[in-house]
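Trainee: All chains, full assembly: derive it from the sequences and hints.
So the protein lines, in turn, are chains A and B.
Everything in the first sequence is counted per numbering that gives the first Met the number 0, starting at 0 for the first residue and increasing by one.
Everything in the second sequence is counted per numbering that gives the first Met the number 0, starting at 0 for the first residue and increasing by one.
Note that these hints are calculated values from the structure, not bench results.
Note that the Cβ used here is the ideal one computed from N, Cα and C, for glycine as well.
Don't take each hint at face value.
[Stated by the list, open to error] The list that follows gives simulated cross-link-like pairs (lysine-lysine, DSSO-like), each with its CA atoms no further than 27 Å apart: (1) Lys-136(B) with Lys-265(A); (2) Lys-273(A) with Lys-136(B); (3) Lys-284(A) with Lys-149(A); (4) Lys-394(B) with Lys-441(B); (5) Lys-273(A) with Lys-317(A); (6) Lys-80(B) with Lys-284(A); (7) Lys-473(B) with Lys-441(B); (8) Lys-80(B) with Lys-294(B); (9) Lys-16(A) with Lys-93(A); (10) Lys-356(B) with Lys-394(B); (11) Lys-332(B) with Lys-294(B); (12) Lys-74(B) with Lys-294(B); (13) Lys-459(B) with Lys-445(B); (14) Lys-74(B) with Lys-317(A); (15) Lys-80(B) with Lys-273(A).
[To be verified] One side of the interface only, derived from the structure: several residues of chain B facing chain A at Cβ under 7 Å: (16) Ile-41; (17) Trp-44; (18) Asn-114; (19) Pro-279.
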Amino acid sequence: MHSEVFSHVDPAPVAAKSEGGLLGKRVGVQSLFCVQGWPCEGGSRALKGFVPLEDATVVQRVKGEGGVLVGNTHCSELGLGVTRDSAARAVAEKHVDAAFMIDVLGEARMAAARAGLFGFKPSWGRISRFGLTGLAPSMECCGILAARWKDISAIFSAIASFDERDPSMVVPSELVAEGAQTGSGRNGMVAGFFPQSLERLSSEEREAFSLALGELEGAGVTLRQVEMKEFHLFPVAHQVIASVEASSSCGKYDGVRFGHRATGAKNWNDMYVKTRRESFGLLLKTFLFQGAYFQFENYAAFENACRIRARLVQETRKFFRELDMLVIPTQDNARDAFQARSLKELYSAFSCTLPANVTGQPALSLPGLYRSAGRDMGLQVVGSYLEDEKLFSLADRLVAHREGSA
Amino acid sequence: MTQGFQAVIGLEIHVQLNCATKMFCNCPNRPGDEPNRNTCPICLWLPGNLPRFSQEALEKATLACLALNCQIQEKSAFDQKVYYYPDLPKGYQLSQFHRPLARNGWLDIVGEDGNSQRIRIQKIHMEEDVARLVHEKEGRTPVSLVDFNRAGTPLVEIVTEPDLHSPRDAMEFLRVLRTQLRYSECSQCSMEQGSMRVDANVSVRPLGRDLLNPKVEIKNMNSIRHVGDAIAFEMDRQVECVRGGEPVVMHTRLWEPDARITVPMRGKFEGPCVPDPSVPPVVVEDSWLQEIIQKMPEMPGAKVERFVTRYGLTHEEAQHMSSEREVSGYFEKALDHEAPPRLAAQWIATQLLPLLKEREVSLETTSLDPGRFAGLLFMLGREEINVNAARDVLKRLLESTATAAEIVDQCGYRQVSGAEELEALVDRVLAENPSAVENFRKGASKAMGFLMGQAMQASKGKANPRVLKELMTKKLG
Numbered sequence: 000m001h002s003e004v005f006s007h008v009d010p011a012p013v014a015a016k017s018e019g020g021l022l023g024k025r026v027g028v029q030s031l032f033c034v035q036g037w038p039c040e041g042g043s044r045a046l047k048g049f050v051p052l053e054d055a056t057v058v059q060r061v062k063g064e065g066g067v068l069v070g071n072t073h074c075s076e077l078g079l080g081v082t083r084d085s086a087a088r089a090v091a092e093k094h095v096d097a098a099f100m101i102d103v104l105g106e107a108r109m110a111a112a113r114a115g116l117f118g119f120k121p122s123w124g125r126i127s128r129f130g131l132t133g134l135a136p137s138m139e140c141c142g143i144l145a146a147r148w149k150d151i152s153a154i155f156s157a158i159a160s161f162d163e164r165d166p167s168m169v170v171p172s173e174l175v176a177e178g179a180q181t182g183s184g185r186n187g188m189v190a191g192f193f194p195q196s197l198e199r200l201s202s203e204e205r206e207a208f209s210l211a212l213g214e215l216e217g218a219g220v221t222l223r224q225v226e227m228k229e230f231h232l233f234p235v236a237h238q239v240i241a242s243v244e245a246s247s248s249c250g251k252y253d254g255v256r257f258g259h260r261a262t263g264a265k266n267w268n269d270m271y272v273k274t275r276r277e278s279f280g281l282l283l284k285t286f287l288f289q290g291a292y293f294q295f296e297n298y299a300a301f302e303n304a305c306r307i308r309a310r311l312v313q314e315t316r317k318f319f320r321e322l323d324m325l326v327i328p329t330q331d332n333a334r335d336a337f338q339a340r341s342l343k344e345l346y347s348a349f350s351c352t353l354p355a356n357v358t359g360q361p362a363l364s365l366p367g368l369y370r371s372a373g374r375d376m377g378l379q380v381v382g383s384y385l386e387d388e389k390l391f392s393l394a395d396r397l398v399a400h401r402e403g404s405a
Numbered sequence: 000m001t002q003g004f005q006a007v008i009g010l011e012i013h014v015q016l017n018c019a020t021k022m023f024c025n026c027p028n029r030p031g032d033e034p035n036r037n038t039c040p041i042c043l044w045l046p047g048n049l050p051r052f053s054q055e056a057l058e059k060a061t062l063a064c065l066a067l068n069c070q071i072q073e074k075s076a077f078d079q080k081v082y083y084y085p086d087l088p089k090g091y092q093l094s095q096f097h098r099p100l101a102r103n104g105w106l107d108i109v110g111e112d113g114n115s116q117r118i119r120i121q122k123i124h125m126e127e128d129v130a131r132l133v134h135e136k137e138g139r140t141p142v143s144l145v146d147f148n149r150a151g152t153p154l155v156e157i158v159t160e161p162d163l164h165s166p167r168d169a170m171e172f173l174r175v176l177r178t179q180l181r182y183s184e185c186s187q188c189s190m191e192q193g194s195m196r197v198d199a200n201v202s203v204r205p206l207g208r209d210l211l212n213p214k215v216e217i218k219n220m221n222s223i224r225h226v227g228d229a230i231a232f233e234m235d236r237q238v239e240c241v242r243g244g245e246p247v248v249m250h251t252r253l254w255e256p257d258a259r260i261t262v263p264m265r266g267k268f269e270g271p272c273v274p275d276p277s278v279p280p281v282v283v284e285d286s287w288l289q290e291i292i293q294k295m296p297e298m299p300g301a302k303v304e305r306f307v308t309r310y311g312l313t314h315e316e317a318q319h320m321s322s323e324r325e326v327s328g329y330f331e332k333a334l335d336h337e338a339p340p341r342l343a344a345q346w347i348a349t350q351l352l353p354l355l356k357e358r359e360v361s362l363e364t365t366s367l368d369p370g371r372f373a374g375l376l377f378m379l380g381r382e383e384i385n386v387n388a389a390r391d392v393l394k395r396l397l398e399s400t401a402t403a404a405e406i407v408d409q410c411g412y413r414q415v416s417g418a419e420e421l422e423a424l425v426d427r428v429l430a431e432n433p434s435a436v437e438n439f440r441k442g443a444s445k446a447m448g449f450l451m452g453q454a455m456q457a458s459k460g461k462a463n464p465r466v467l468k469e470l471m472t473k474k475l476g
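Mentor: Structure, rendered in structure tokens:
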């Protein structure tokens with residue numbers, strides 16, 4: 000079955016279990032998540048006809064907790080950007096209670112913000128990536144979208160335990176050690192905001208953002224202005240590193256074992272070239288070319304980007320000695336992620352969400368706080384690395400506060 | 000032909016580790032099985048799968064590094080070595096390019112001049128093997144088939160410094176390296192079966208100069224002998240180039256064993272190496288390393304010295320007995336059963352091993368346990384039997400479960416050493432061969448050998464040759 004929202008729907012969805020923390024919760028996943036026996040085509044000819052042999056860990060855990068897998072939502076090619084993504088729509092139109100999206104640039108938060116939903120990207124290493132067919136392993140995470148905040152926290156706790164099938168996950172002992180280092184012994188919530196993230200907002204948007212900050216204060220959050228002079232370096236570091244990783248990740252799309260295979264090739268090399276030419280769309284091709292350029296022709300630039308990334312991670316962590324979170328708009332009206340058809344437009348539109356992908360920090364886009372031109376813009380709070388739960392208590396507090404004032 | 004020139008040789012040696020599973024999944028590490036039997040979504044690199052680094056591979060690789068005197072790095076990491084070829088279905092090979100497992104090793108070899116020479120090992124890194132390509136014909140159409148059994152097999156790559164200067168030294172180095180690695184039991188190291196593969200980087204320079212000229216990489220040698228031959232050929236070829244004024248350019252050549260020449264293969268392609276975010280860094284904790292060090296056996300160098308000082312073997316005998324772990328094990332077990340040490344060393348090397356080889360069994364699989372073997376040597380040492388009889392008894396020992404003493408008694412091999420008994424025998428032989436006696440007295444010493452042979456025959460091989468000779472000399476003198 001196929002629809003505008005789903006690329007594949009289970010004709011008779013049932014819960015695999017009759018008990019568990021997600022009993023009866025309907026969940027949709029992008030067609031980038033492996034579900035045993037379902038097509039996993041990731042919006043690309045490169046994956047045409049590919050049917051995974053096993054469930055992704057997140058899928059398996061949803062099923063294990065009594066959740067119901069409804070179907071695969073459409074996505075942009077291999078999850079890059081949101082132009083063709085239907086995960087948020089599946090939630091907004093109530094086909095599902097929650098949806099999983101790979102968040103590599105901020106796609107999950109962006110789609111949630113646009114649709115007036117909660118969108119959460121966990122810390123890198125907290126959720127298993129086993130069974131995700133993404134592009135940039137060091138940047139991406141399984142993002143969660145839902146209309147109700149409780150659904151996000153319930154799903155997170157159902158899927159976030161250690162999985163030996165993803166050795167890049169943070170092991171539980173490290174989790175405790177890291178958590179003990181930062182933010183301890185502070186009562187209350189201190190949130191930082193920085194002018195560099197507001198520079199490109201219109202005056203109306205700035206006003207709206209100030210109102211949103213006011214709401215936070217109303218909920219008992221202390222605000223503090225900070226400076227992040229190197230904010231402009233996040234997109235650069237992200238683009239260089241993610242494109243290189245994507246170039247490697249896409250090496251497996253050769254048309255030999257699965258996916259589209261070109262016909263009429265003279266030899267294997269010709270077959271690879273033709274297959275890849277026919278498999279990938281323009282935006283992804285541009286991205287892959289760029290990655291290959293840094294890999295083959297300008298490795299020094301890649302190394303620089305890695306150094307810059309390490310510095311940005313260090314700098315950002317410093318803030319969190321005195322802050323519990325950073326508040327950043329998820330998007331602005333001038334740069335529409337849903338219309339981004341070039342890498343330049345893409346990186347411009349996601350410039351406020353991708354820093355959390357670069358640093359691996361948890362980030363949450365909250366609906367209803369930051370509205371402009373009649374649209375929900377999404378207010379993003381970025382938490383301290385591996386302290387996802389702390390972000391949850393802020394969200395709990397805000398939701399309670401707003402329900403109380405409503 | 001290469002007079003006035005010196006070769007500069009560095010070796011890159013790939014060694015397949017004898018792990019039970021592949022490096023990043025639980026598939027059996029048996030590349031020789033029916034094609035594509037040992038595969039799974041991880042080693043086929045189907046979308047969504049993540050590599051899971053095997054602790055066993057780390058352990059075997061660490062043994063290899065220790066056997067080659069390397070410094071194990073506390074932290075090492077896997078990179079993606081990017082290239083596109085049908086034997087590599089994900090487009091990159093996981094290999095520790097930037098941060099290898101170990102650095103700064105060495106092996107000592109005995110150089111051509113008889114002096115010990117230290118060959119430095121630059122680094123040892125782990126990597127996964129790639130799939131095997133089989134080129135066949137379906138009817139008249141050439142086809143290439145891919146067998147993924149080998150994809151993901153754990154390897155270490157050993158990179159030497161360019162410290163070798165002759166084909167002979169390169170071969171000697173490889174023999175020492177193979178012995179060391181086999182001792183640590185991390186690999187079978189068979190070049191014939193592909194569990195050890197050697198690429199040689201060769202350049203030449205005028206004798207006495209320090210410069211490094213562009214090197215040529217040679218591949219496809221499947222024995223240590225071939226490595227030597229290929230290097231020798233390549234030296235000649237390069238010297239000829241230099242003399243002819245033709246520059247040597249960096250490239251890769253293939254050894255053709257039938258024609259015994261190297262031929263150009265392809266322009267050297269260096270793929271980029273980018274860190275892999277999905278494989279966490281490999282951390283070697285000191286406590287774990289100490290455990291592995293405990294597992295290391297006594298290595299050949301130490302063993303040779305001990306055999307010389309403790310058992311009084313000659314250096315050469317000690318080397319023979321240390322060449323392989325199973326040989327030294329057998330030797331020492333025989334000594335536990337009171338075999339005379341030097342006799343044991345000589346008989347293992349010159350009698351037992353050749354007999355086993357004929358019968359296509361090894362010291363590990365033979366039914367002749369060291370205890371029964373020692374029994375034979377014990378009797379030989381006490382002159383209860385002579386050498387000829389002992390050779391026969393050894394053959395019989397291999398075919399039965401009886402002890403040496405039982406065989407000797409049953410078959411009447413016991414040596415006759417009694418002077419009275421032998422004196423009668425000697426008298427008879429001398430009386431029967433007057434012309435030989437005459438010849439001996441005229442100074443033909445050869446005649447003694449003839450007379451000894453006759454006497455030995457008359458005793459049906461049982462006479463004690465030492466006593467026999469004494470008597471013979473006395474009677475003739």
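Trainee: Next, verify each hint and record whether it holds.
Mentor: Hint-by-hint comparison with the structure:
{"no.": "1", "hint": "Lys-136(B) with Lys-265(A)", "result": "holds (16 Å)"}
{"no.": "2", "hint": "Lys-273(A) with Lys-136(B)", "result": "holds (24 Å)"}
{"no.": "3", "hint": "Lys-284(A) with Lys-149(A)", "result": "violated (39 Å)"}
{"no.": "4", "hint": "Lys-394(B) with Lys-441(B)", "result": "violated (41 Å)"}
{"no.": "5", "hint": "Lys-273(A) with Lys-317(A)", "result": "violated (49 Å)"}
{"no.": "6", "hint": "Lys-80(B) with Lys-284(A)", "result": "holds (21 Å)"}
{"no.": "7", "hint": "Lys-473(B) with Lys-441(B)", "result": "holds (16 Å)"}
{"no.": "8", "hint": "Lys-80(B) with Lys-294(B)", "result": "violated (32 Å)"}
{"no.": "9", "hint": "Lys-16(A) with Lys-93(A)", "result": "holds (22 Å)"}
{"no.": "10", "hint": "Lys-356(B) with Lys-394(B)", "result": "holds (13 Å)"}
{"no.": "11", "hint": "Lys-332(B) with Lys-294(B)", "result": "holds (20 Å)"}
{"no.": "12", "hint": "Lys-74(B) with Lys-294(B)", "result": "holds (21 Å)"}
{"no.": "13", "hint": "Lys-459(B) with Lys-445(B)", "result": "holds (22 Å)"}
{"no.": "14", "hint": "Lys-74(B) with Lys-317(A)", "result": "holds (26 Å)"}
{"no.": "15", "hint": "Lys-80(B) with Lys-273(A)", "result": "holds (23 Å)"}
{"no.": "16", "hint": "Ile-41", "result": "violated (9 Å)"}
{"no.": "17", "hint": "Trp-44", "result": "holds (5 Å)"}
{"no.": "18", "hint": "Asn-114", "result": "violated (43 Å)"}
{"no.": "19", "hint": "Pro-279", "result": "holds (6 Å)"}
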